[in-house]
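Chemist: Here are the chains, one letter per residue:
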Amino acid sequence: MTQHLIILPIVLPLIAGILLLYKRLGRLSQTKRLISVVATVLLMLVSVALVKQAASGEVTYYALGSWQPPFGIVLVLDRLSALMVAVTSFLAVGAVVYSCAGDDEQGSNFHGLFQWQLMGINGAFLTGDLFNLFVFFEVLLLASYALLLHGGGKAKIQASVHYVVLNIAGSSLFLIAAGVLYGATGTLNMADMADRIANLPAEREGLVTAGALMLLVVFGLKAAMLPLYFWLPRTYGYAPAPVAALFAIMTKIGIYAILRVYMLLFSEQAGALAALEQPWVWWLALATLVVAGMGVLAARDLRLLVAYLILISVGTLLAGVGMRTPEAVSALLYYLIHTTLVTGGLFLLAAMIGTQRGKAGTRLVKGRPMAEGGGLALLFFVGAVAVAGLPPLSGALGKALLLNAADGSERLWLWPLLLLAGLTSLVALSRAGSTMFWASHRGSPIGEVLPRAQWFGVTWLVALAPILLVVFAGPVGDYTQATAEQLANPEALIRTLLPATGDAP
Amino acid sequence: MEALYAITTGILTACGLYLTLRGRTFPVVVGLTLLSYAVNLFLFSMGGLTTHGAVIIDGARDYADPLPQALVLTAIVIGFAMTAFVVILAMRARSEMGNDHVDGKKDDHE
Numbered sequence: 001m002t003q004h005l006i007i008l009p010i011v012l013p014l015i016a017g018i019l020l021l022y023k024r025l026g027r028l029s030q031t032k033r034l035i036s037v038v039a040t041v042l043l044m045l046v047s048v049a050l051v052k053q054a055a056s057g058e059v060t061y062y063a064l065g066s067w068q069p070p071f072g073i074v075l076v077l078d079r080l081s082a083l084m085v086a087v088t089s090f091l092a093v094g095a096v097v098y099s100c101a102g103d104d105e106q107g108s109n110f111h112g113l114f115q116w117q118l119m120g121i122n123g124a125f126l127t128g129d130l131f132n133l134f135v136f137f138e139v140l141l142l143a144s145y146a147l148l149l150h151g152g153g154k155a156k157i158q159a160s161v162h163y164v165v166l167n168i169a170g171s172s173l174f175l176i177a178a179g180v181l182y183g184a185t186g187t188l189n190m191a192d193m194a195d196r197i198a199n200l201p202a203e204r205e206g207l208v209t210a211g212a213l214m215l216l217v218v219f220g221l222k223a224a225m226l227p228l229y230f231w232l233p234r235t236y237g238y239a240p241a242p243v244a245a246l247f248a249i250m251t252k253i254g255i256y257a258i259l260r261v262y263m264l265l266f267s268e269q270a271g272a273l274a275a276l277e278q279p280w281v282w283w284l285a286l287a288t289l290v291v292a293g294m295g296v297l298a299a300r301d302l303r304l305l306v307a308y309l310i311l312i313s314v315g316t317l318l319a320g321v322g323m324r325t326p327e328a329v330s331a332l333l334y335y336l337i338h339t340t341l342v343t344g345g346l347f348l349l350a351a352m353i354g355t356q357r358g359k360a361g362t363r364l365v366k367g368r369p370m371a372e373g374g375g376l377a378l379l380f381f382v383g384a385v386a387v388a389g390l391p392p393l394s395g396a397l398g399k400a401l402l403l404n405a406a407d408g409s410e411r412l413w414l415w416p417l418l419l420l421a422g423l424t425s426l427v428a429l430s431r432a433g434s435t436m437f438w439a440s441h442r443g444s445p446i447g448e449v450l451p452r453a454q455w456f457g458v459t460w461l462v463a464l465a466p467i468l469l470v471v472f473a474g475p476v477g478d479y480t481q482a483t484a485e486q487l488a489n490p491e492a493l494i495r496t497l498l499p500a501t502g503d504a505p
Numbered sequence: 001m002e003a004l005y006a007i008t009t010g011i012l013t014a015c016g017l018y019l020t021l022r023g024r025t026f027p028v029v030v031g032l033t034l035l036s037y038a039v040n041l042f043l044f045s046m047g048g049l050t051t052h053g054a055v056i057i058d059g060a061r062d063y064a065d066p067l068p069q070a071l072v073l074t075a076i077v078i079g080f081a082m083t084a085f086v087v088i089l090a091m092r093a094r095s096e097m098g099n100d101h102v103d104g105k106k107d108d109h110e
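As given, the protein sequences belong to chains A and B, one line each in that order.
So the first sequence is residues 1 to 505, counted in my numbering.
So the second sequence is residues 1 to 110, counted in my numbering.
Treat each hint with caution, since some may be false.
[As the list claims (entries may be wrong)] One side only, chain A facing chain B, incomplete, derived with CB under 10 Å:
| # | residue |
| --- | --- |
| 1 | LEU141 |
| 2 | VAL161 |
| 3 | LEU173 |
| 4 | VAL385 |
| 5 | LEU412 |
| 6 | LEU468 |
| 7 | VAL470 |
| 8 | ALA482 |
The hints are simulated quantities; they were obtained by calculation from the structure and are not laboratory data.
Each residue gets a CB set at the ideal place from its N, CA and C atoms; glycine is no exception.
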């Protein structure tokens, strides 16, 4: 049984999604909610088991159809993929419980699509094959297109036209890049590819460089790196709340893919091609930070504000990727856990505030006092402290680790930009909070009692995650440290997948 | 053969890119379709162009690389699904927005 554990994060949502397709599950969809929540909680338990398995430092793989690598498709479990699956499932639990309060009834088939999106995300994290990564990207994208349109409305359709067209173009580029890399190396298995890039004939270096940098464009589009981020604020701002919360992991998929592909394929063994993405990622990350910092100040809507906060986190994480040292990777992974959960929760919170305020919605204007203003304000305060990176919550810790990891001239660039981005988000958040909660008109409070499922979803992500991450900073930090070391030495992974050295192609 | 193949793929890509950058949804959809055709052709050639190779290895030393074929098949299926989706989306956008501009503007000066 335990050897099949690796494929469960993909099979479980798939089966749940198929069950949810069955139409006669009751009109009130209580059964559907039950199936969806149970499947997501089970996924969380599986992911915890996977993290435990991966924490030993051993790389395990699952050969689909028992076709051994490098010929078959493999799912690879190491510390990084286990961690990402776990973060996804924690986020998904919050989002799915929140959606049970009524968001799932605004359109059809919410839960089924949600599960399939989880399947795509988990598959993308676990796969060890470049083309399979593309397939799982498509699975999660197709589910995300439909989820984005959930509920309908002009703004959503408008946003999704851009999102869909951009991503289809991105997928074409992914295929071209994968084709170029296959043509140059003759394999699609990433471990095998790393092996072959290490002893690449000199005349193919140009081809591999072109393919690798094209892949960076694709991953940059997913991660919303500077010139490719314009789709993000509107898409995230208009998506239904639980979907936007789940989308908080989507940019991290791009970052994961950059980490995985470039740390594995272009490690020190790659000779002249080693770390070829580093200057691009580093400078674009800093530029993303600058633009996102300005965007946060300019946002006139709470949901747009949170979308720009996601962009700040993308810039911060990419700066960590750009530094490429084990310390920086460890810090960025810690920050990644924190930022994914908190920004996801903030989207849910923004939607709650929006419904509570009625006509004023999430626009940052004065409105009437809210009936449940106290609880919302408290959660907003906790979320703002966490996301802006103030002590004592986990944001401060993650940022401090990252700042500490920079050395030499990197410090000169990262410190002012990262701290300024933190300052601008602090200014924007405090302005938003005081406008919404304090500067309200006189009058009787508006809004109805908010469902308990929504409170649970938001508290789970906004309050619980940063507090737990600080309380258990020691073990989490050890884990990310070990993950970074594992990533810096891809040799172990390659040897696990390809035990026979020097076999003929 | 290589030159002809490369030129065909290149022209398809260029036309696809140009159409994708247009302002109305119909040319954009056609552009994406052309782009995916170009990508499929490109993928098909990525193992190198050879002729007279055996389809199945039956002791022959010279056989066709089966992997690009499998990949092209996957890419075609996925591309087809995506195109179907984007067509429906474009139609929805046309009916909801009242025009077929990708930005949903009423009056554009194209």
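Chemist: Are the hints correct? Go through all of them and say.
Modeler: A quick look at each hint next to the structure:
1. LEU141: Holds - the Cβ of A:LEU141 comes within 10 Å of chain B, reaching about 8 Å at its closest.
2. VAL161: Holds, about 5 Å.
3. LEU173: holds (8 Å)
4. VAL385: violated (37 Å)
5. LEU412: At about 39 Å, which exceeds the 10 Å cut-off, the nearest Cβ of chain B leaves the hint on A:LEU412 violated.
6. LEU468: violated (39 Å)
7. VAL470: A:VAL470 check fails; min Cβ-Cβ to chain B is 42 Å, beyond 10 Å.
8. ALA482: A:ALA482 check fails; min Cβ-Cβ to chain B is 35 Å, beyond 10 Å.
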